[in-house]
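Top line first, the protein sequences correspond to chains H and L.
If you read the first sequence in my numbering, its first letter stands for residue 28, the second for the next number, and so on.
If you read the second sequence in my numbering, its first letter stands for residue 28, the second for the next number, and so on.
Treat the hints with caution; some may be incorrect.
Where chains are identical, the list cannot tell them apart; a pair therefore holds if satisfied intra-copy or between any two copies.
[Said to hold, decoys possible] Calculated cross-link-like contacts (lysine to aspartate or glutamate; reagent style EDC-like; alpha-carbon spacing at most 16 Å): (1) Lys80 <-> Asp314; (2) Lys290 <-> Asp85; (3) Lys290 <-> Glu319; (4) Lys103 <-> Asp118; (5) Lys80 <-> Glu57; (6) Lys80 <-> Glu280; (7) Lys304 <-> Asp314; (8) Lys103 <-> Glu280; (9) Lys290 <-> Asp240; (10) Lys103 <-> Asp339; (11) Lys103 <-> Glu72; (12) Lys80 <-> Glu128; (13) Lys103 <-> Asp123; (14) Lys80 <-> Asp309; (15) Lys103 <-> Asp174; (16) Lys304 <-> Glu128; (17) Lys290 <-> Asp88.
The hints are simulated quantities; they were obtained by calculation from the structure and are not laboratory data.
Number of protein chains: 2
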Amino acid sequence: MATTYIAADLGGTQIRTGRFDHNLNLLQRENTLTRANDGLAPTLERLMTYIDKVMPSDRRDAAGIGISSPGPLNPKTGVIIAPPNLPGWHDVPLADIISAEFGLPVFVGNDANVAALAEASKGAAQGHRHVVYITISTGIGSGVICDGRLLTGRGGLAAELGHMPILVGDECVSSVELEAAGPAIARRARQAIAAGRQTTITELVGGELAHVDAQVVGAAAAAGDALAIELLAYAGRIIGLAIVAALHLFNPEIVVLGGGVTKTGALLFDPMRATVKQHVLDESYLDGLRIESAALGGDVALVGAAALAATDGGNMDISALDKLF
Amino acid sequence: MATTYIAADLGGTQIRTGRFDHNLNLLQRENTLTRANDGLAPTLERLMTYIDKVMPSDRRDAAGIGISSPGPLNPKTGVIIAPPNLPGWHDVPLADIISAEFGLPVFVGNDANVAALAEASKGAAQGHRHVVYITISTGIGSGVICDGRLLTGRGGLAAELGHMPILVGDECVSSVELEAAGPAIARRARQAIAAGRQTTITELVGGELAHVDAQVVGAAAAAGDALAIELLAYAGRIIGLAIVAALHLFNPEIVVLGGGVTKTGALLFDPMRATVKQHVLDESYLDGLRIESAALGGDVALVGAAALAATDGGNMDISALDKLF
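Excised from the complex, chain H in its bound form (with noise of 0.2 Å):
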C-alpha cells in the first residue's frame, strides 16, 4: 500500500516540495526560486522538477500529492484562477496538469486552508475539530475546520474571514483586511506621521515614510513609542472583533493565529483578547476555548499540503489522520 505522500508549496517567491512518510513527518525537501514573472510555462516546468525530486523511487510508493497555492483557486476541480503574485496564470489546471505527469491524484488547496489543515494536523489544532486558523501579515487569510472537515464551500471560496466586511463610520465599508493587516497598520502610520505627530517610526526609517511597515511599527511599539502602541492597538481591536464573529458563526474549540503581524506580541494580542471579552455574546463561547499562536513555522504550507493529499483534498475528516498517526 502506497504510504507516501508528496507535497507542494507553490508561493509568489519560492517554491518548495518534500516527501512525508504515513505520520505526515518530511523525510525529504527541496526548493527554488519561483521566478514567477518567468510567467506561467517555466514555473510550471520548475514545479514539476522540484516534486520530481522528492518522489519515492518507486512511484506506486506514493499515494497522491497536495498542493497549497495563492488563490483564488477551486479546490474541487483544482483550477487556478488568477493569483496577483502568479503573473500570466490564469484558469491554470494545475491538478488536471501535474495529475497527467505523474500519474497521480492531485489536491491543490489554498494557502491559509492548507495551513488550517496543517495545524489541526500537527500543530496548535492537533485533535480539535472546530478549528479556525487567521493568519496575519500582508493580506488576512483563514481556513477553517468544520467538525473535522474543511470548509470550502460550493468553490472553494468560504473561510474568508479577512473579507468580513465592517462599517467604520456610518458610510464608509472596509474589512478586517484593510484595517487591520500589515498594509493597513504601515497605512495610518504614514497618514499620522504625515498629519504631524510626533513618532520615533520616523527615525527608524530614516525619514522615508515609504519604509514604514508593520514590522518597523511593532518596534517602535516595543520601545515604547506611543505613536505605534496605538496603532498595534487599533488593528488588535479589530482582529478581536474578527474573532468574536468567528466565534459565533462557528463556536470553534480553538483560534489559531500565524504571520508576520502577530510577531508584534502582547501589544496586539492583549487589546484583541479584551475585545473578545468584551463583545462576545455569552460567556459559553468562550468555555475551554484556546486562542494560540501558531506552532508550525516555515514548514506549515508543506505538512498542509501533505495532510491534503492524505484527506482526499479535505473532504475526508480530519480523524483519519489520527488513524495515520
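With the hints as your guide, set chain L onto chain H.
Positioned in the frame of chain H, the structure of chain L alone reads:
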C-alpha cells in the same frame, strides 16, 4: 422499519406537534398555548401531552422525535440553556426527559437551525448542499448548511450571523441584529420622530410612538413615506453586508431569507442586493448564487424538527433525506 417522525415546535407562544411520514409529509398536527409563565414543569407536561397526541398507535412505528426550541441550547446534549422567552428554563436536559418518557431518540435544535434544515429539505433550498438561512424579525437568527451538514460548532452555538459585530462610527461596536432587526428599525423611526422629522409614521400610530414597529414602518414606506423608505434602506444595507460576510465565509449556493421584516419586500431587498453587488470581493461568489425568500410558512419549525429527527440531529448528510423521498 420505523418510518414515522414526530416533530415538536416549542415556542414562546405556542407548542405545536406533528407526525410526519418517511417523505416528511405532515400527517397530523396539534397545537396549544405554551403559557410559558406557568413555569417549567407545566410547560414540559403540556409538551409531552401534545407529543403523545401525534404518536402513532404503535409507538414502534416512530423512528425518533425532533424538537425545535428557542436557544441558547446545546444540540449535542439536548440541554436547553436559558431561552429569554421560556422563563424558569435553565439547563433543562430536554432530550433526555422526552426520550425517557417516550423511549425514542430525541434531537433538539434551535429554531433558526431547524428552519434552515426545513428549507434545505422541503423548501426554497431543496437540493442544495451549501445553504445560508437568515430570518429577520424581532431578532436575526440564522442557520448554515455546509456541504450537506448543519453547522453547529463545538457546543451548538455556531451560525449566529445576527451577532456578527460591526463597527458603527470609529468606536461604537454594534451588531447586525442591533442595527437591522425589527426593533432596530422601530428605534430609528422613534429617534427620527423625536428629533422632529416629519413622517406619516406618526399618524399611522396616532401619535403613540410606543406603537411604532417594523410593520408600521413597512406600511409607511409602501405608501411612499421618505423616512420609512430610508429606514428600510439602511436595514437592507446592513443585511446586505451580513450576506456579503456570509458569502465570503460560507460560499453558499443559496441564501434564504425569512421572517416578518422581509415582508417589506423590494424597499428592503433592493438596497440589500445593491450592497451585495457593491461589496462582494469577487464576481465568482455570485456565479449561480440565488437569494430567495423562504418557501415554508407556519409549518417551517415542524418540518425542520422532523428533518432533524430524520438526520440524527443534523449530523447526517442531508442527502440522506433525498434518499427518503
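Notebook entry, point to check: Hint by hint, which ones does this structure get wrong, listed from lowest number up?
Noted result: Violated: hints 1, 2, 6, 11, 14, 16, 17.
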